[in-house]
Every structure is written in C-alpha cells, then in structure tokens.
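The listed protein sequences derive, respectively, from chains A and B. Those letters in the first sequence? Residues 1 to 263, per full-length UniProt numbering, in order. Those letters in the second sequence? Residues 1 to 263, per full-length UniProt numbering, in order.
Bear in mind the hints are in silico, worked out from the structure with no lab data behind them. On a predicted model such as this, the values are computed, not experimentally measured, just so you know. Do not rely on the hints blindly, as some may be mistaken.
Pairs of lysine to aspartate or glutamate, DMTMM-like flavour, derived with a Cα cap of 20 Å [as the list claims (entries may be wrong)]:
1) B:K177 with B:D190
2) B:K149 with A:E22
3) B:K149 with A:D25
4) B:K225 with B:E22
5) A:K149 with B:D190
6) A:K21 with A:E241
7) A:K21 with B:E14
8) B:K225 with B:E14
9) B:K149 with A:E14
10) A:K21 with A:D142
11) A:K149 with B:D25
12) B:K149 with A:D240
13) A:K137 with A:D178
Take a look, some chain B residues computed to stay more than 10 Å from chain A by CB distance [claimed, not checked]:
14) N33
15) G40
16) T68
17) K176
18) T222
19) G227
20) N248
Beta carbons: idealized from backbone N, C-alpha and C, even for Gly.
Number of protein chains: 2
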Amino acid sequence: MSLPPLSLSILGVEPLDEFIKEIADFVHYTIINRPPDLQGKVEVEAKVGQLVDTSSNRRLELPILVETIIAPQSIPLRFESNMSVEQHKHFNTRLNELQNSSMQPGFPSSPLGYVHLKLYGLRETTKTGKVLECMRKIRLGDLNIYSPKRAVDWRVSVNLEVPVSHPIGSPTHTRKKDRLSYSHEEFSIDLTQVTASTPNGPPTVMHELEIEIARPTLLLATAAKRGDPNAPELERSAFDELIRAFVNNARILVRNANEGWQP
Amino acid sequence: MSLPPLSLSILGVEPLDEFIKEIADFVHYTIINRPPDLQGKVEVEAKVGQLVDTSSNRRLELPILVETIIAPQSIPLRFESNMSVEQHKHFNTRLNELQNSSMQPGFPSSPLGYVHLKLYGLRETTKTGKVLECMRKIRLGDLNIYSPKRAVDWRVSVNLEVPVSHPIGSPTHTRKKDRLSYSHEEFSIDLTQVTASTPNGPPTVMHELEIEIARPTLLLATAAKRGDPNAPELERSAFDELIRAFVNNARILVRNANEGWQP
Chain A
1 MSLPPLSLSI
11 LGVEPLDEFI
21 KEIADFVHYT
31 IINRPPDLQG
41 KVEVEAKVGQ
51 LVDTSSNRRL
61 ELPILVETII
71 APQSIPLRFE
81 SNMSVEQHKH
91 FNTRLNELQN
101 SSMQPGFPSS
111 PLGYVHLKLY
121 GLRETTKTGK
131 VLECMRKIRL
141 GDLNIYSPKR
151 AVDWRVSVNL
161 EVPVSHPIGS
171 PTHTRKKDRL
181 SYSHEEFSID
191 LTQVTASTPN
201 GPPTVMHELE
211 IEIARPTLLL
221 ATAAKRGDPN
231 APELERSAFD
241 ELIRAFVNNA
251 RILVRNANEG
261 WQP
Chain B
1 MSLPPLSLSI
11 LGVEPLDEFI
21 KEIADFVHYT
31 IINRPPDLQG
41 KVEVEAKVGQ
51 LVDTSSNRRL
61 ELPILVETII
71 APQSIPLRFE
81 SNMSVEQHKH
91 FNTRLNELQN
101 SSMQPGFPSS
111 PLGYVHLKLY
121 GLRETTKTGK
131 VLECMRKIRL
141 GDLNIYSPKR
151 AVDWRVSVNL
161 EVPVSHPIGS
171 PTHTRKKDRL
181 SYSHEEFSID
191 LTQVTASTPN
201 GPPTVMHELE
211 IEIARPTLLL
221 ATAAKRGDPN
231 APELERSAFD
241 ELIRAFVNNA
251 RILVRNANEG
261 WQP
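Bound-form chain A, shown alone (with noise of 0.2 Å):
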C-alpha cells in the first residue's frame, strides 16, 4: 500500500511561513522607519548565541517545543553572541569543508568564497598605529529567536554603520577580531574570534558565528519595492526572497550548532 502524489496543500500551494514572513515584516519596517537624518550602512544580521533570562542568569526557558520569535519587551533577557571554542572549531571545519565541496561538479548550490581578515574596532588601532576601521554601529531594533531544539538561540538585527571621526589620543581598550569570512550569493558568514584587553586585566576571548546580508544598496532596493502594486512581480518579491534565504542560512547554522551538518 503506498502513498499516492499529494499536492502540497488544498490550495496547491505551500501555505505562508508565518515565522520567515514575521522576520520580513521586521526588518522591512525597521528599515522604513529608521531614523532619516542618520546617513550610514544599514546592516541586517544573524547572529547566533544564547537568550539569557536575566532574572535567573541561565538560558530562557519556555514551554514550548519548536523554535518561535519572542515578543519583544516582553521577557527581561540578554542575548549572548559567544559560543565554546569547540563550536567555533566545528562551524570553521564544516564551512571549510562545505566550501571545498561546493566548487565540486553536482553542487546544488553556489560556490562559496572565503577570506581571512583581521580588524581592529572603534578607537583601536594596530601596532603600527594606523587605524583601518572607524564605524559606530547603531542599533535600530532586534528580533530574539528562542531554539529549545538547538544548542543556540538567535537575534536577528536591524544596524546602521555611521562613519566618525578618527579618534585623538590613545586607545583606552583594543578590541581585535580574527575572523574567517565565507561568502555565498548575498550572503556573508563570519566566524569571528575577539579578544577584548583593558589596561587593567587579562584579555577576554570571545567566538562569535553570524550570517549578514552583504549588500546594503541591494538590501535598500528590493525594501523599497516591496509590494509595490507598480513593480513587475520579480521586483515586488525580492526583499521576501532575500529574508526567505537568509532565514534559511541561519536556520541551518542554529541546527548544526554542536555536531553533524544537516540541512
């Protein structure tokens, strides 16, 4: 006895993912509204880590089964962006992997790019002196993912990049960050590991993972003509089809956070 062909659905078509369509609505709004006097980059990135109920210091939790978007303002909590070195480690095995694998005939994607870089943050500068980074990262707003599934949770967030001014003076903490960037279409995956140091104290060290939409112009055009009853069909969908990806990239990074790699 076996199945026979099911369409996907009464309708014949997949009904609308209510979460990947929440994140959309977001992100379009916080980009609409955000403030218009502020010329800068703006920036929408994953970032994975934990929510951290503040009244208890542990990991949030809720009685519930499958991964959903809190309420903002809801919860007092915190989102860690941190991992184990032993995270950081699989994340940079696997996409190292997947990246060799992806320039194989039959890939059923894109090839993925790959880069080294190491940045010195706002009012760092590196031993020579020279400061190659000058950017005040403006937050406009955030989207908490709460995993019960996973080992991480995940922020979605909304930024403006705004250049300032070269600092004067000496630096008063160094922030300096390793990170291995992987590109994939519209997409870049950081692996980042940030080592924090004070003049007073030991360094701190930090593994951050996050995906970000890697351009902000082609982010702007394709908010500004969603549903737009005036732009041809392709035009109109961009913006949900960019989120629909993005949302999917981190989905796959939140489930492979401690073993195996699994779409």
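Once you've looked at the hints, dock chain B against the given chain A.
Leaving out everything else, chain B in the frame of chain A:
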C-alpha cells in the same frame, strides 16, 4: 538593481521544518506505541479551536509572536473545539467555493469531494430508534499548537476508535451532528454542527472544524516504513509527506478562520 536568483540555502536545499518534524515525530511515536491489546481504527486529526488558560479562563497568552507547539503538561490549559456561527459560515462558504473552483481546468490541486451527513453519536439513536454508529473514541495523545497571529489555535490528536456493543435501554442524552464533509486526496475536512441535548435543559450548539487523515490503513502502512533503511526512499519518506500535507492544510484552515482565503 535587481536580485540575482538565489539558492535555497548554503546547502542548496530547504532547511528542516522543525515544526512539521515535531508533529510527525509525535504522531509516529503515538501510533507505534499504541496499546497492542486494543483493536480499533487509528484516527489522526487536527481540530480548530482555542487554547484556554484554566487559571484565567481566557485564551492562552504567551510572550511569543508566531505559532508554536506547547510542551505537553507544561501549562494548565484546555482546548475548546468550538467556533462562532460566523466562522462556521465563513468556512462553509469558502470550502464550497474551493470545491467549485477545484473542478475548473487549471486548478493547481486535485478536485475536492463533498458530502452532507447527519450523524448520531454513542448511545444515541435516530427518531426511529435505529442505531447508526456505536464507537468509543480512546484518546492516545494530543499536541497543542498556539497560534497568536490567528483567531484560533489548534490541536493534533491521535485517537483509537473502538467499536462497542450496542447500548441497551433508552439514551441518557443525545448528540446530533450535522456534518459537511469535504474530501481532498488523503484528507477529509469536516465542518460540523453539534447539537447536544439532555432531558433537563435547553440543547447546546457547537461548531467544529477538523481535518483528518482519511485512510487509517494507509497511515499505519506509511508509519511502519518510516525511516526503514530497507524500504525504498519513496516508502521511507511517505509518512512524513503525509504529515506535511496534513499540517499544510491545517495551517491554511487556521490562517483563514476569520476572513479572506489565502495560503
């Protein structure tokens, strides 16, 4: 500036749908572990209704933005399988329209069937005293789905329908069901008006909507082959395909509980 075609993800495929997987795992586990001594028909259904917080007697409220599955036994709640007369009428109109349009050429899915039934439940007889149905429904397990964006929540249930011997004596109460039953591929969608009356008191009228997997034997056959490494891929994945279409249809019904008719 337009968006180049995107891959589904860095792996070239859709990520796992955690929500559908959770429901499939639950249904599979409940079927496989059903009491071996009870002979009966396995019924898998999704009912539309509301999750009621028993401490406040109001609809459940959780600090989350999109549909999710409630952990069993985690919150004191009950499920009310009821809707307003207007919702019932809305579904009736839309399902009739869908049934008509599904007969037209170019419809992206199979045509829907339709039948109007009048049923009399357990320990109940028709006016002429003929017993039409005598089944006892044994509840094996439920999963509650909270859907804060929609007017309704839903519940997936696995039941065992066991035939019972004909009742003796006169009925203590009557439950009359007026059912509009739509069929689509492996599913039946039942829109039912239930009139319950007792000897002392006015009758109560409830409106129910549920979708059910139509062929218990097919359900059991696919469940038995799920993940079986010796079965061909098509048979191995048939159970998950069946549950996917079941969940897709339930999501479409839930989304359209109030107005419109969208995927």
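Provide an ascending list of the numbers of those earlier hints which the structure does not satisfy.
Structure breaks hints 5, 8, 16, 18 and 20.
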